[in-house]
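S.K.: The primary structure of each chain is shown beneath.
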Amino acid sequence: DTAVSQTPKYLVTQMGNDKSIKCEQNLGHDTMYWYKQDSKKFLKIMFSYNNKELIINETVPNRFSPKSPDKAHLNLHINSLELGDSAVYFCASSHVAGSSYNEQFFGPGTRLTVL
Amino acid sequence: QKEVEQNSGPLSVPEGAIASLNCTYSDRGSQSFFWYRQYSGKSPELIMFIYSNGDKEDGRFTAQLNKASQYVSLLIRDSQPSDSATYLCAVSNTGGFKTIFGAGTRLFVKA
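Residue numbers (our numbering), protein chains in the order written: chain A, 20 to 134; chain B, 687 to 797.
Read the hints as simulated data drawn from the structure, not as lab findings. Owing to the predicted nature of the structure, the values given are computational and were not obtained by experimental measurement. One or more of the hints may lead you astray.
[As the list claims (entries may be wrong)] Per the computed footprint, the stretches of chain B lying under chain A, defined by three or more beta-carbons under 8 angstroms from a beta-carbon of chain A, are:
1) 704 to 712
2) 728 to 736
3) 762 to 769
[Said to hold, decoys possible] Interface residues of chain B toward chain A, partial, derived using beta-carbon atoms under 8 angstroms:
4) Tyr-757
5) Ser-759
6) Gly-782
For every residue, glycine included, the Cβ atom is placed at its ideal position computed from N, Cα and C.
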């Protein structure tokens, strides 16, 4: 009964390729997020979605395009991959953003390596 | 100035001691404050949240918040080797759609 799942767990690809990461949550949450964690373990927010609507886009290059087909899914497509995109990407969800308490539940992460 | 600052450590404490982790933040409008634990190769998991000034205790963990000083801390009593992990301080704005994480403090508890 995985709460937040991501696929794939590992992704190794060449520079210039296009790839996608999928995320699903079965918690009934309204809000989903994408984070990037670099080699120094710094966890940085990329996008927030609430009920399929984009709320936060943290100056992420437009090579990154999130898509939320429904409240339970938030996918991340990356075009023209660059070496600097190598990182662990975490998907997360929370129950009710807009309230003071918004504990986030994280997926297992996708380790992306760009060669 | 970083939005959320933590001492990267590593912080090393003996088993049974108190571990004290600190965090400062820059946005005075921040509403909610969280401590997440992240084991190596794993995803972050919430251990404490606080949004009122003062102390909040949960088992061996105590979170402390001082909004005037823009300071959050986490105390771990009776530290165990299983507490060895990176502890991430996180701060949310009003609305909670944007959470800023600190770079984390690595904690080692020596048996």
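S.K.: Are there hints from earlier that the structure breaks, and if so, what are their numbers?
M.R.: 1, 3, 4, 5
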